Amino acid sequence: MLSMLSNPVVLGQIVVNGLSLSSIYILVALGFTLLFGIMRVVNFAHGEFAMLGGFSLYYLYAVFKLPWLLAIALVPFLVALPALLLEWLVFRWFYQKMFQSMIGLLGLNMAMIYTGLIVWDAFERNIPAAFDGIVRFGGVIAPIDRLVTIGISLLALAGFYFLMVHTRWGLAMRAAAQDVDIAATQGIDTRRIYKLAFVVAIGLAALAGALYGQIYAVSPFMGERPLFVAFVVVILGGMGSISGAALGGVLLGFTESLLGTLYGGSVAAYASFGVVVLLLIFRPWGLLGKPE
Amino acid sequence: MFQDKVKFVVGPIGSNPVLSTMEVTTPQKVLLMSNGYTPKILQNDHKASYNFRFTLTNIEFAPSMMKWVKDNLKLKKVGILVPNDAIGQSVAPPLVKLYKESGIETVVDYYERGSKEFSPLITRLMAAGIDGFDINFNAPGEAGLMVKQARQIGFDKTILQMGGPSVPEIIEVAGKQAEGFVSYEMVDFDAPAVVPFVKAYAAKYGAGIMNSQTPAFYNTTKILFEAIRRAGTVEDTTKVRDAVEGIAGYDAGIYGPVRWTGMANYGVNHQLALPFYVVEVKNGKPVNRATLQVD
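These protein sequence lines map, in sequence, to chains A and B.
If you want this note's numbering, it's the position in the first sequence, counting the first as 1, plus 166.
If you want this note's numbering, it's the position in the second sequence, counting the first as 1, plus 56.
I should point out that these hints are in silico values taken from the structure, not numbers from a laboratory.
Quantities reported herein were computed from a predicted structural model and do not represent experimental measurements.
There's no promise every hint is true.
[Said to hold, decoys possible] SDA-like, lysine to any residue: derived pairs with alpha carbons at most 25 Å apart:
1. B:K232 - A:S438
2. B:K153 - A:S432
3. B:K232 - A:V306
4. B:K260 - A:W286
5. B:K338 - A:F297
6. B:K260 - A:I310
7. B:K172 - A:I310
8. B:K172 - A:S432
9. B:K338 - A:V285
10. B:K172 - A:F289
11. B:K172 - A:L413
12. B:K172 - A:K361
13. A:K231 - B:N339
14. B:K341 - A:Y225
15. B:K61 - B:E301
16. B:K232 - A:V416
17. B:K213 - A:L313
18. B:K260 - A:Y225
19. B:K232 - A:V314
20. B:K172 - A:A437
21. B:K213 - A:E253
22. B:K172 - A:V285
23. B:K338 - A:I300
24. B:K172 - A:P294
Could you put the whole structure together from the sequences, leaning on the hints where they help?
See the structure below:
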């Protein structure tokens, strides 16, 4: 098995596959970790907002033929702004109530999946590749659409970091994350900040779902895998930690690529979840999270 | 069955639902026209007394198709990717045996059900030196992604499906990457007998994707109606069962005259022998490369 690593083409392909997987995983996990970090909400409906992002790109780009850059830029707004209605109807009742949010949003998750099934159907739809073709580096091959996803993930990560660390909104969100009551006594409108964090988190989920849907396929059930990935990534990195989401995404992506290529899919899954179990036993706050 | 007094069932889809349904329908003498791959649907303690299968399984189509693959595709080593569950573990060994009997080497790998990313596993198969990639019995969405991702990481050799079939769904998911994909197919969508059905289906259900099994459901329902007409009863299912068994030669319109088979493999002639096809995707559409018959 390890002899494969002496083949530079296979090794290069492992790196390309790992980078590609990591970028998708990071994007999927960012919004999930934000909602938990600030509002202590475990968003079990995260994958379904990703699904709505996938369908939004499908209609904007594949059906209405908008330019891809415009379509992908519109997706987060198209999903996140109407989702404010769900924030008012459902989410706001679960802020700072971690366990209630799990069950409540699991219900929302099911409702969204089966509404999707009624509106559309169970068939998987293809969003045509905006950047068709491949790039060769020696014998290593990288699909251009994956390279674009890597670029967008890096941009999203950088933008998200800038928002959280270098803006007053970010400062207010971090203050609310540390202690919502103290933040309110300092004049922060926490209700407004929660809404902002919600829009950002859902926008990121929608963006992730659009790219995920374009790489894989779009269907009412497509949100299950992103939710699953988001969970693993944020547990690895630390619930609520942005840098943790990035680290968790890279770890999961490269583990799947390396072990999947060397030893097969079962060993990769076994190792990924083995690490998660060990981490929950010995460092339950994750690699870069903070103990409560 | 007990509340609505149902006497005939067309469906359900898939081995496990069929096996479960059969245990209720057979004691009640309810006629079950089903599909599903497992031999147990026909090979069972009830001797399939009230159930018939209207789609082919690999037992019927694989020998003829394997001969065609051997003669036409000239493969030496085929990679096979299956889910790591009961279906994958039961599907892989007979397929490997069949390839081996045809002098073709195989490399089998397993993925976790629900995976969407197959690039690492396909890289692994490519590193083993395969010149063919068989996506076999995988579900349409997963099969489509396998085709797409194999092409995206540079696998430019034969991709085939000795199973399914789900060609329209694979074209939908894999897009341009489906070009050159070779598959078993249950129906020739361009055949004069099928075109009116496809048009009528599109008129009623819209221009969405029609699964390859849909015409088979229509076909078997017509066979059932004809058998009921010949038996002259909707109450006595034993008479209707006997009429279905004796309906050989009746042309239900899609697949030509009915022929029952299965005695050699299942001990009962309750398996519909349909013609089947090998298609290749060209310019985004399946093109018929061969029409084959069940031996």
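Verification of the hints:
no., hint, verdict
1, B:K232 - A:S438, "33 Å, violated"
2, B:K153 - A:S432, "23 Å, holds"
3, B:K232 - A:V306, "21 Å, holds"
4, B:K260 - A:W286, "16 Å, holds"
5, B:K338 - A:F297, "22 Å, holds"
6, B:K260 - A:I310, "40 Å, violated"
7, B:K172 - A:I310, "18 Å, holds"
8, B:K172 - A:S432, "14 Å, holds"
9, B:K338 - A:V285, "32 Å, violated"
10, B:K172 - A:F289, "15 Å, holds"
11, B:K172 - A:L413, "21 Å, holds"
12, B:K172 - A:K361, "32 Å, violated"
13, A:K231 - B:N339, "21 Å, holds"
14, B:K341 - A:Y225, "23 Å, holds"
15, B:K61 - B:E301, "23 Å, holds"
16, B:K232 - A:V416, "30 Å, violated"
17, B:K213 - A:L313, "24 Å, holds"
18, B:K260 - A:Y225, "23 Å, holds"
19, B:K232 - A:V314, "19 Å, holds"
20, B:K172 - A:A437, "18 Å, holds"
21, B:K213 - A:E253, "50 Å, violated"
22, B:K172 - A:V285, "23 Å, holds"
23, B:K338 - A:I300, "21 Å, holds"
24, B:K172 - A:P294, "17 Å, holds"
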